[in-house]
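Knowing the structure of chain A, use the given hints to seat chain B on it.
So the sequences go chain by chain: A and B.
In case it helps, this note's numbering puts the first sequence at residues -8 to 431.
In case it helps, this note's numbering puts the second sequence at residues -8 to 431.
None of these hints come from the bench; they were simulated from the model.
Zero decoy hints are in this set.
Examples of chain B residues toward chain A, derived with CB under 7 Å: (1) Gly14; (2) Ala20; (3) Ser72; (4) Thr139; (5) Pro278; (6) Asn294.
From a predicted model like this one, the values you see are computed outputs, not experimental measurements.
All C-beta atoms, glycine included, are put in the ideal place defined by N, C-alpha and C.
Protein chains: 2
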Amino acid sequence: MDPTARVTMSIDALLARRRALLGGNLSIAYGHPLHIVRGSMQYLWDADGRRYIDAYNNVPHVGHCHPRVVQAGQAQMAVLSTNTRYLHELILSYAERLGATLPGALKVCYFVNSGSEANELALRLARAHTGRRDLIVLEHAYHGNTTTLIDISPYKHEGQGGGGSPAWVHVAPLPDLYRGAWRRADVGAGSQYAAHVARIIDGLRASGTGLCGFLAESWPSVGGQMSLPADYVQAVYQMVRAAGGVCIADEVQTGYGRLGEHFWGFEAYGVVPDIVVLGKPIGNGHPIGAVVTTPEIASSFDNGMEFFSTFGGNTVSCAIGIAVLETVHAENLQAHAREVGRHLLGRLHELKRRHALIGEVRGAGLFLGVELVTDRQSLAPATRAAAAIANHMRDLGVLLGTDGPFHNVIKIRPPLPFTVQDADALVEALDTALAASATA
Amino acid sequence: MDPTARVTMSIDALLARRRALLGGNLSIAYGHPLHIVRGSMQYLWDADGRRYIDAYNNVPHVGHCHPRVVQAGQAQMAVLSTNTRYLHELILSYAERLGATLPGALKVCYFVNSGSEANELALRLARAHTGRRDLIVLEHAYHGNTTTLIDISPYKHEGQGGGGSPAWVHVAPLPDLYRGAWRRADVGAGSQYAAHVARIIDGLRASGTGLCGFLAESWPSVGGQMSLPADYVQAVYQMVRAAGGVCIADEVQTGYGRLGEHFWGFEAYGVVPDIVVLGKPIGNGHPIGAVVTTPEIASSFDNGMEFFSTFGGNTVSCAIGIAVLETVHAENLQAHAREVGRHLLGRLHELKRRHALIGEVRGAGLFLGVELVTDRQSLAPATRAAAAIANHMRDLGVLLGTDGPFHNVIKIRPPLPFTVQDADALVEALDTALAASATA
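Okay, chain A solo, but in the shape it has when bound (with noise of 0.2 Å):
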């Protein structure tokens, strides 16, 4: 099938053969579906042939079908693809070079293809590690697709067709600073959620029961582009390590120098994890996870038991992650995103002057969050609103989405080349998405 040839099917036609062919719980975007067919750097078309700026998709980490990675991906595929089973030069110079990126003792990596995989070798660790089960996680958070991350991820067992908590999983609050117990103007705030966690071990301690680890994204993004309070973090690692569990950052999201003043998430609160969980942007779309942990840990999951994924840590998938990481280091991407993340989160601030439906705006680097309320006193959420701008800036050609606990929180994560002038379009969209629903 020739990729570049133009498509006819019409949208109601590939939604008809979509609804017979493919599973329900599926979603698509917007209330009029985008029909993709080319992507290029932070661009993407329809079949039409109209261009979209993307400010979505964080997975085309260095861009859209970057040359540099698509060439590296077509060179590999054409000589060989092959496993783990046996040795290649390609492996260990992409385990080297990302342990190099690393800070202290986390230099062993394993391979896979998700970060869900990634998350469920991550447990597998920590259990090999500790001999325990007992987690901590966080509100909202979300971890992956498979049974045992859905019951450690609350955003999926406590919504919609969820079972809840099974009793091994600890579920702590959101430290949100903007809408939760404590807020920005509370000092101790960080404490104040710590002190949560510090009961949560107490009572595993009590019973009797131990712990394994904390797991949480360094930045939770589906819990609404959020960071964490340094302090906060400091005092769970410490706690968490004194209980004699792990430490395991999902950096999914936020790694690999999104947030411009940092290459890892992590480090905006100057902790070092044990376990450090990679998914999304490290292929640049091509399926890829990965674990990094320290040499101790790896250790203790050697007990005797193989590990083995079939396509994890294959040659083309090696260079592939290789080409992505030397992307963002020769193209500067991480100061890229900090430069056009200051200019964009400064307009955003403009923005929130004149348009009451903002509540907050937050985030680092390209990992930006618009907190939309209804009341800036209640905090109400603006749920509608939210959704209806994400659907008017599609029409007006910028790609944006929804999230957090009330689905009232704007999504900005584009890929990295995303410039100053995309910036000034997303803001300038929006400001015309914001007008109209004030008036809606």
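Okay, now just chain B, sitting in the frame of chain A:
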């Protein structure tokens, strides 16, 4: 990095780097590890330029670096790699073509990134549909590397580092007609093994627990390259359904024409599963897994919780998946597997007449097993000889593996382009290795 550049690093240097950079429980094939740098169809080349006949790797189903598959991947990765939240022709074409190969109501597809992810999803579908959890699996089975899949894989949880079966997993004996409790000579052997499953179901009924389903490889591979008695599978499917459970066929090892007579492993038994799990061969090395089920089960799963796999069903994976399926058809690889497999099976039977070490030769198409025993009466497994022979074969330029609960079964499952000449070369080398083993 130029993938065609000759790598000069020594095996020892690669091993030393690997020990420092990758988890210790990632295993390496052979006593003298291979440094493979190139693959084409049924051949692999090491860094010294030596060619090996690959009779082991079933993942490169239509051949290592098959040009049609490579070109499809190369073309699509330069145009668009995106996810299922946008509409795209390719995922629909892929689902249509996949559904066309399957019988009955098996038409609704879900795409993920590995066989492990596919088995995880199959379990979620089965649980959502039945509202129950208790599962019957086969002794020695392997279904994947996540926590839940290790729970249902006796090959893992009964082995080193394993923690045994959880209460919801019920392990039925593998109906091994060579060394099991009932054998080829026993009339009604299939019924005897089925009676064991009936007792498990009776026990669940008596305890009021209820049955979620039966999950088995259609042709157990790590169990030792086995087929199952047709009357056994028919009886089990019938009683599982009578108890309200669903029947899940894990076709990761034997689907897509490998068996020669049949496109799918379950077709050999005249049954139709409720859920089919696909992995390894369907992407020819690209990370793809899939689950196909009925509209009825898909509808139960559509309970309000979105299912999303970031990479599953991405446009590049679908382009590659279509190319693999087209190649199987265009090159008549199923018929080819039947013819070459028949020839190879015949020649292996010849070897059996001359080598007392061979206890049984079995399989179909290019999914064959040669079980080695030190004594044809007691069936004492020739485990050490099997390992020595696999290593000797590697030195003779033919890649094979060993498997089965006693690691005494020579596993033959080459890429399907494997020819009669390759088969003859394999038999000649095996003749030499068997003779050397007998005099060792």
